[in-house]
Amino acid sequence: MKKDLLVPSRRSVLKGMGAGLAASAFPGYTWAQSAPIKLGFQLHRTGIGAAYGRWYERTAQAALKVVNDAGGIGGRPVEILFEDDATDPKRGAEVVEKLANDGCDLIFGPLFSHVVIGSAPRAGELKIPYLVCSEGYHVASGMLNRWTLQPGITDVRSQVSSMAPWVAANLGKKVTMVYPDYAFGYDHRDFFTEAIKAQGGEVIAQIAIPPTETTFTRYLPQIPAETEVLYHVMVGPAVLTFVKELGDFYGSGARPQIFGFIDSLEAVDTASPGLEFLEGTYFWEAMNRVKQDGQTEAETAYRAAVGVDDTGASVTDAADVSTYSHMFSVWETLHTIKAGMEAAGYQSTADRQKFVEALEAMTTMAEGPGNPQGDKVFNGKTHQVFGHQNISQVTGGKLLRVHRTSIEDGQYADAVDYTTMSF
Amino acid sequence: MKVWIAHLAVLAALAVLLAVLPAYHATNLARILTLAVFATGYNLAFGYTGLLSLGHALFFAAGVYGAALPVTYWGLSPLPAIALGCLAGGGMAAMVGLLALRTAGVSFMIVTLMFAQAGYLTLLYFGQITGGDEGLVMPDATALIPGLSPDTARAVIAFALFALALVLSLAVIRSRLGRVMVAMRENEERSRMLGYNPFTVKLTALVLSGLFAGAAGAGYALLFGYAGASFATIQYSILPMLYVLMGGAGTTLGPLLGTAAMFYLVDGAARITTATLLVVGVALVLLILFAPKGILGTLRERGARWIP
Chain Y
1 MKKDLLVPSR RSVLKGMGAG LAASAFPGYT WAQSAPIKLG FQLHRTGIGA AYGRWYERTA
61 QAALKVVNDA GGIGGRPVEI LFEDDATDPK RGAEVVEKLA NDGCDLIFGP LFSHVVIGSA
121 PRAGELKIPY LVCSEGYHVA SGMLNRWTLQ PGITDVRSQV SSMAPWVAAN LGKKVTMVYP
181 DYAFGYDHRD FFTEAIKAQG GEVIAQIAIP PTETTFTRYL PQIPAETEVL YHVMVGPAVL
241 TFVKELGDFY GSGARPQIFG FIDSLEAVDT ASPGLEFLEG TYFWEAMNRV KQDGQTEAET
301 AYRAAVGVDD TGASVTDAAD VSTYSHMFSV WETLHTIKAG MEAAGYQSTA DRQKFVEALE
361 AMTTMAEGPG NPQGDKVFNG KTHQVFGHQN ISQVTGGKLL RVHRTSIEDG QYADAVDYTT
421 MSF
Chain F
1 MKVWIAHLAV LAALAVLLAV LPAYHATNLA RILTLAVFAT GYNLAFGYTG LLSLGHALFF
61 AAGVYGAALP VTYWGLSPLP AIALGCLAGG GMAAMVGLLA LRTAGVSFMI VTLMFAQAGY
121 LTLLYFGQIT GGDEGLVMPD ATALIPGLSP DTARAVIAFA LFALALVLSL AVIRSRLGRV
181 MVAMRENEER SRMLGYNPFT VKLTALVLSG LFAGAAGAGY ALLFGYAGAS FATIQYSILP
241 MLYVLMGGAG TTLGPLLGTA AMFYLVDGAA RITTATLLVV GVALVLLILF APKGILGTLR
301 ERGARWIP
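As they're listed, the protein sequences go chains Y and F.
As numbered in the working numbering, residues 1 to 423 make up the first sequence, in order.
As numbered in the working numbering, residues 1 to 308 make up the second sequence, in order.
Next up, chain F with everything else stripped away, as it sits in the complex (with noise of 0.2 Å):
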């Protein structure tokens, strides 16, 4: 029940500050909002199953897709298309899935990237369809939700994603499922051992995961007016991973925490250096030589025992 109220209390806060900041510093949260939930689905394949995927980017770009061809070519309204994105995500993570989870460690690495590249270069050569590299332009941010400004729209949207991505990971990691996937990825073959299909877990993590992944894909590409090929690139499977490094693996609030990290680390290192990428690098080998378990999981490691 503690966890619970945390939980809320951490959603509270954001709503007021979504509320209270600057517009520039609202509509940047909301952007942190959005990817953290691609990062939050990442976090539950990784952090909490063990499948390290390097291609989550595929499932982020086929909720882009998902929402923005449906918004272009039939004109569906915003949010029915982000309901779309999240399925294309779920879907596409099922198909990858049921072939890539043949394969563990390393070799899923591998295949999940080649299939992203695949995914990458299908965008290209519909290129007449999905605006290829270039890509497509959404539509004007104010038919977001009809009446309400874009900045709260976009700031309202965001939220609601969070807020569901949240309270949804945590439900999971509290279930009976959530504990066999951790058992998936401390021992997979005690596991198997004790009578559970390591395939059946780790599949319907995936998918979950992919879910997240399309739901931030779809939201981003609408709430932001832009959706085109280069989501679908290595760089946004990388990202998920970093950030949940950084704000610590199987932990629930870690993924938030590591997305606003880095983007103000990013943020901020520019306006003191045209070394930005140094810094974030310099920020990132300090993080594993000190803190290997990210910033939740140290403090967790350090006594804070009760961090889900």
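Pulled out of the complex, with its shape left as it was, chain Y reads as follows (with noise of 0.2 Å):
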């Protein structure tokens, strides 16, 4: 029988319905392809850590905005879900959950301690990549898990021993250390009694205030009075009354050289009445809130993508000053999720396990728009990063660098290797 092309077989009819099926199916094929990649962000929105939080959220918009309008992620859009954690070991913990159960790929951005370590066992049994940006040595001393790493922020370990070589040579041996009586303060007391040793300096005090403590003056007369270099790191509002009572009790006399870490004036204006006591004293900032002279392009473009001005306050309010130290480790660990996904060709959950360690072969990270705190070292086996320190003074009520740290300076023997540990 001839075939008349007006009447179509019934095979052509199924070829053609066919080739629609897979016409009308192709741009749900390019959608699957460009599903967004959903990171989940455990943010210390209330609670303790909220002066983090608002800016921690700030800096990760700011952050998924500048790798979205450059293409997202292999290619893929990206998007962040954020979920409060109350700053509270307990509710971050069900928020690894919560987030794990919603897809999200994997899930960054704790500060606190405690709440770090309450939630990494939940994140290792889920087998969910879980990137810290707390600056603990919890991760690096072995404490964690293989899913647990520290791409964004140098360790509070580093940080304080690499502030040793120029304390010692530039303002005094003899040191006297006020700090908090809990597991923060014990690492400063630690590391950084071990760190001055080595430089030929010695800790002659260390006075450690309670929790509690609303009022110092009974601590003040413990410093001995040979003391060259007092140490001061006092997380917490009570920092304007400890700085207040340090200036009632020294007078306009002679004073020690006064070095601390910024921790404390995280979020508070150096220049608000209380601190004036501060002037010509110095501080740990691992980025320096006020714009320095030389400025690098990449920081340029880092300030003014998270809305922080000169000072290091927001530009849309002059009082709500940044924590500048802290939450350029959100916007580097976003970068360094995307060159990690990158790195491992991350299509899906299934991937997760290469991620890490794709991450976990990372060596350096060079100096540039998606590290614009710095170059950076990471260590694969202990899953902790280390780059450069400042250290500041307070002149005229702002924070200018007088010198910045080598990475080598906060290098120091591996305590773990992760690597060798079971997924």
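Since no wrong hints were added, every one of them can be taken at face value.
Taking CB as the label site, the calculated pair distances span: (1) Y/Ala35 / F/Ala143: 34 to 42 Å; (2) Y/Asp417 / F/Trp74: 24 to 32 Å; (3) Y/Gln347 / F/Leu278: 37 to 45 Å; (4) F/Pro292 / Y/Ala343: 58 to 66 Å; (5) Y/Glu408 / F/Leu278: 44 to 52 Å.
Derived by calculation from the structure, the hints in this document are not laboratory data.
A virtual CB, placed ideally from N, CA and C, is assigned to each residue, including glycine.
Mind assembling these two chains? They're in different frames, but the hints should get you there.
What follows is the structure, encoded as structure tokens:
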């Protein structure tokens, strides 16, 4: 029988339908290819970490925009699911489960140590990469697991150790330490004491302040008269009282050199009334909140993207001071996630292990748009990154950099090799 | 008998839920059951005996560390550790009770709060051992019950703890002791006149409550892999109270209902707003306005008088 073109056969109809189906499925196929990468963000929106959380969220949003504007990760758009953990370890673990259940490819962003330590076991069991921006030594100490990494901020052990050479050479060798009487303070106590000893100095007194203390007058007389450097780190609102009482204690007479960690004054204006006594004293800063001479192009772009002005405050509200020495870790972590996922050829949650292995294989991170704080060395065995630190002096109420450490100043022997642990 | 059957039916339903729910919600349910043990214990002291304590975080934390320390330092296996944690909670409640029960009402609240705060600071003080504010990571959950997957083991342990707590709590309140506890709550002076010793009854209730809190704390630490001083903060004294108030003080199943409601309230609120605490606050205000006796307490008042 001659085939009539106008009377289609069953076969040609089926072929046509097939082609039509394939065509209609095509946009769906491309959509599936560009389905967004979902990143979970464990955010300290409420609770004790809220001041940090506010800026961590802004930084994450800014970094997200930059990454998406540049084509996303592996050509796929990126979205971030923020979930409040109330800066509480119990809720933190629940948030990890929730974000994993919501289909996030990985989780990042927590700062407070107890939240990280409370959540990491759940992340490990759920086998979801957990990238912390915490600066705690708990990652490199070997306390956590293969799925937990810290690629965005140098840990406190390294920060503290890297201060010692400059402090010993420029401020003095007899140091008295004032620190809060809990884990964060102990990291300072232990690692600085060790580091200053290696520089030929010594810690002549260690004054631990209980966390419930609201006034410090009874501790100040314990500072030995021969103290050359007073090293202080006090996290929390009590720092204002501490500085004021320290000022009253020394009056206008001679005082030792004073060196502190900016953690106490993150989100606080150094020119606040009551902080006048800080004039001329020194601070550790991971990243200088006040714009310095010779600020890099990358940092200029970063500052503009996160909305921080030249003094370190929000461009929309001068009273809203940023947590500039910590929040860059969110930005850098997101860029490292991009680099790691692209290196691993990350497609879906089935590639989570490949992603962790890709991060472990990283060794250096160059200074640039993704790392505005500076170049870094990543130790894949300890899952910890190491970068430069800064020492600034309060001059006219502003923090001006006087020294930038080398990465080597903060390096120490590995305490763990996570790569030997199973996934 | 009907009451017992109803409770066993609830337990059976929970077991089925644990088995059929997707992993995420099953884990949540295990969490809720463990915390409901804490709330059930709180209910014995507060709901039935009228002891408004603000120190239960201490008993919970005693359980957390009663289990976590032997596991960390002596390698004790998880199940005996939970038993130890339970005893630690009861022991702590006995010590606090002996002193704090010399007071009543607001003073009792303040004294228990002070003990809990002292306990929190003690955990920080011995930070080298307890991990202080940072806390300790517990062993991998695969070790919970050898041979069982972590999720299954968690479900089994949480269910067992809750079933035990519910049955025990029901047995207590239906016993003579339970009725005397209620008598203390309603009119302590009259009970004393009838020949009961308020101190012993209240101490017994508090110790029972502490045993429950200890078991919950131990279970929580081991099932979810973390022990830390934050479990001794005031928040963990307030939580069981909210669970009980929401579910219905003086009802056996109220604590479970309240724990689940609070959990999913926070979880659900976070999906629609960043102001989760506001949602929780509004829910609690509405509860006080329209159902001051909690969910089950209100149902009981409105006709379902059989609710125990």
